[in-house]
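Based on the provided sequences and hints, a complete structural model is requested.
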Amino acid sequence: MKKKTKSYKYFFRNMGLLFPILLIVVFLISIFLPERSFSEKENRVLASKPDLTISSLVSGQFEKKYETYVNDQFPMRDMWVELKAGTDLLMGKTRSNGVFLGKDGYLLEDFTPPLPDHIRATTEAMTTFAKAHSEITQYALIAPNAVNILKEKLPAAAPVKDQNIYLDELFSTLEQNGISCIDVRNTLKENTNHQLYYHTDHHWTTQAAYFAYKEAASKMDLDTGICSYEQFPVTGSFQGTLSAKSGFRSHEKEDIYVFLPKGDAPSHVINYVDEQKKSASFYASEQLNGRDKYAMFFNGNHPLVKISTPTKEDRTLLVLKDSYANCMVPFLAPHYRTIIMVDPRYYYDDLEELIQVENVQEILYLYNANTFFSDTSLEMTLSPQ
Amino acid sequence: MVFSNIFFIFGFLPVFLLLYYLAPYKLRNLLLVGASLVFYAWGEPVYVILMIFSALFHYFMGMEMEELSRFPKKIRGNLIFVVVIDLLILGFFKYYGFFLDSIGTVFGISISHPELPLPIGISFYTFKNLSYIFDICQKKIHAQKKLLPFLVYSTMFPHMTAGPIIRYADIEEQLTRRSINIIKLGVGAEYFIKGLAAKVLLADNLAGIYADLTASGEPLSLLGAWIAIFAYTMQIYFDFSGYSNMAIGLGKMLGFDFKKNFDYPYTSTSVSEFWRRWHISLGSWFRDYIYIPLGGNRVSTLKHIRNIFIVWALTGLWHGASWNFVLWGLYYGLLLLLEKFILNGFLKKIPKPLANLYTMLAVMIGWVFFSQTDFSSMGKFLMALIGIGVSGVADTQALFALRSSLILFLIAIPASRPGLYQHYKLSMRRSPWKAAAVNMILLILSVAFLVYNSYTPFLYLKF
Amino acid sequence: MRSKKYLFIKIGMVAFLAIYLFLIYTSDSAKDIPMEEITSSMESDETVTSLEKRGRTDLKRYYQLSEDSLEGYLFYKAVSPMSVEELLIIKAPDKQQTNIACDSARAHLDSQKQVFQGYGTDQMAFLNEAVVESKGNYVIYACGPNAQKWREKFLSLI
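Protein chains in written order, with our numbering: chain A, 1 to 385; chain B, 1 to 463; chain C, 1 to 158.
Below, simulated SDA-like cross-link-like pairs (lysine to any residue); rule was C-alpha separation at most 20 Å, straight line:
#1 C:Lys149 x C:Thr49
#2 A:Lys9 x B:Ala437
#3 A:Lys65 x C:Glu152
#4 C:Lys10 x B:Phe53
#5 A:Lys253 x A:Asn289
#6 C:Lys10 x B:Leu147
#7 B:Lys145 x C:Lys4
#8 A:Lys49 x C:Asn146
#9 B:Lys184 x B:Pro14
#10 C:Lys10 x B:Phe60
#11 C:Lys5 x B:Phe60
#12 A:Lys278 x A:Ala265
#13 A:Lys103 x B:Leu399
#14 A:Lys65 x A:Leu33
#15 C:Lys4 x B:Ile80
#16 A:Lys219 x A:Tyr139
#17 A:Lys64 x B:Tyr452
#18 C:Lys95 x B:Gly97
#19 A:Lys9 x B:Met440
#20 B:Lys340 x B:Val299
#21 B:Lys349 x B:Thr267
#22 B:Lys139 x B:Ile80
#23 B:Lys145 x C:Ile9
#24 A:Lys103 x A:Gln195
#25 C:Lys113 x A:Val45
#26 C:Lys149 x A:Ser59
#27 C:Lys113 x C:Asn146
#28 B:Lys259 x B:Phe286
To give a feel for the contact side, a few chain A residues facing chain C, derived at Cβ under 8 Å:
#29 Arg44
#30 Val45
#31 Ser55
#32 Asp274
#33 Pro303
#34 Arg345
#35 Tyr346
#36 Tyr347
#37 Tyr348
#38 Thr376
#39 Met380
#40 Pro384
Derived from the structure by calculation, the hints contain no laboratory data. Please read all numbers here as calculations on a predicted model, not as lab measurements. For every residue, glycine included, the Cβ atom is placed at its ideal position computed from N, Cα and C.
Quick look at the structure:
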């Protein structure tokens, strides 16, 4: 009996040593560690030391921010985050923050079904707009997401809602109201032997955009023969937003390809209207040095971009779009003298006026389904109160 | 501040422990009270005044009642005064909105009122301070004449925010005389890490499973409903007991011995046994200060039944200002009566695992009342558990939840029973370094989850 | 004599408690300052006026709030839509309208976060630090590098 208690003592003595030592060592390190302002791994700005004022202290704001600050600046934060993510994997977790860890290294973003009121408001705005502008030919290309096309890559029993139900209904409503829909689901499904989506990002690849362009060309009466393309990798170290969002596969790096026209290509002028900047290329290679490498397409998202191309035919296209359009619009550029890209999420000017001034003849809604179904800005832009 | 927080573990705690262990013996109480006020004021600077008020109020009232001990009538008047003031404070912060809303519902009007945030731990410290006054009246203890030791009892941070509800008699001597050494520090560390891991590694992840299943508000499948309520059952145990263990551990580090607050409640073979093992300090508070003064079971059967329902309705209401908690309490009152008068002999006859299964079913259904604040979702959930209004026997949502939580369940079940820990205790004696390493790994994993999560607030603090 | 001492203590404590609870209860209320006064005093700050002053259409667009339902407001927003810098102070006629305004300010913050999530890390940092608060019948939404300063200044006014 005596021996027993003695050996418990050893254990508790060990604990009595290890525990305070760990606490104090980490405390000292955290005091002397320089502040980090940005986490590449999490793709976000880390909290900095909050300013102490009486009112922020009394309201509890300061304390809350200070705790976030300590958390964000914790020594070797990335190592801890990785330890947690690794433990999650061991525990069999395959969903994190709405992202599934799929087969073959794919991360797939979950699809959230639209709220009935939301989607009704958006489709109504589109159809009302279509009727008010019957002189303008209107197309809608709502691209399916990886969670739809690459269903079989999802982990077993993943509870995802079927995007196709909502897409089918949307397309039939739009078609009835004179907006012709470009359904790229079949062509993408037939080509799953190609890489259609990034492994670690929610965007489609340029390859997928190219297939979609081919499909669109037949509907929009574009002659795909005028230009043929060759693909080039522009970076091999793309880490998408899904890996930052979920913590899965955070070391995975992948390629971004661009399709460049073979031979003589028409010259383009890309005018970033709000930024008052012009460029001769769709691609901003300086973005490849940053974290968000997908921003190399059109230098990221902008409220309004105007692309001018010296074509014979004078056609003007207005693209109402999200970031899926950024890698597809370059394929459309040779066919139009003017393409105006509007991102309703950031665009707050008068769309009617823009259509008048630019003499728009065709409109293309170019979205991915996830964004389209959760978006409210399109409705606001089409029918401002 | 809460314990499962990076700033507490690697900021507040090391600094405080260092000062406390280096400080001369006489300064320790002062240091502890000062640190406790900082701990409480952090994030709640306005309400720390209320907490100090409550401590001073009971300190003075305790002294007066001690002096009046020969005048029972005056004691009675003072006792009523204390109870009224305490209920006023508790009612003002915790039950006022609930009260107005209930009146509003009865009369079909809506009464607008400002929504005050609930001061952290108000139910715990009010009950603790009240028990001190009750014990003086019942002559179980003598009032503390010195202010500082009383403030240590009333404000000390380990059990300040979420219990256990420590009785004055249990730690009276330790308030002025207690020892600290490396062994006690180790014992405390072991308790603290055990509690932290239960909260961070088990409870928070189990909470995620429950939330995933119930968040959408769509009908669950039969399997899904059971997975959800099982995850909730486990979550709430590890959350509550984890917090108690952290409090006990911190107490040990400072030289205090608090009583056990959870004693493997999920091994119980009857609901009455469950309540002797679950949140022991709360159950005994209601028994000693409400049930027994009402006459307990030494009265006519009818009055006994009345007493049980009063105690359990109040126990429910203590957990939150909402009718579902009252219902939850009454449900237990009913079960306990049922066991007392009908099931008692039967439960003793059937095999233990079967009796345990019955208890767990009763408890899990209880958690449905506890978790669903509005009655329609409560009804839907209960129906789903028996397969009415469900999307099917099992759907992909349920299968996916099962798949993602299986390993967690396989850890949580043995962790809620004594076997695993007995095994670990054996290894403490056989290989003290290895066992310590296991403990430190648990700490490191918990820290990783805390860093990642930026911390989820305790369920427990709402009470 | 002894019991007198405790009587005084009790009276003192009850009085203290009454005052304390009264202060807590009324802490949410604010002085009734006309919007013009708040506007002129906020506009003395250059970091505010360097933004663009916005009117009823923008209030409707970003917050789905109609000017007529409010007693007054002050709305400044950065010119570029890619910037999240923004200050809105609203004075509502009653508590109900205050709650509506506060809810729509929260909704605005959520939709801004959705828009910039994954794209604009600087914007996200500001949005995560943004202020949405109501006091009395006032509501403030402040976002950007000066959000805290604006908030303090506004709270000192009411």
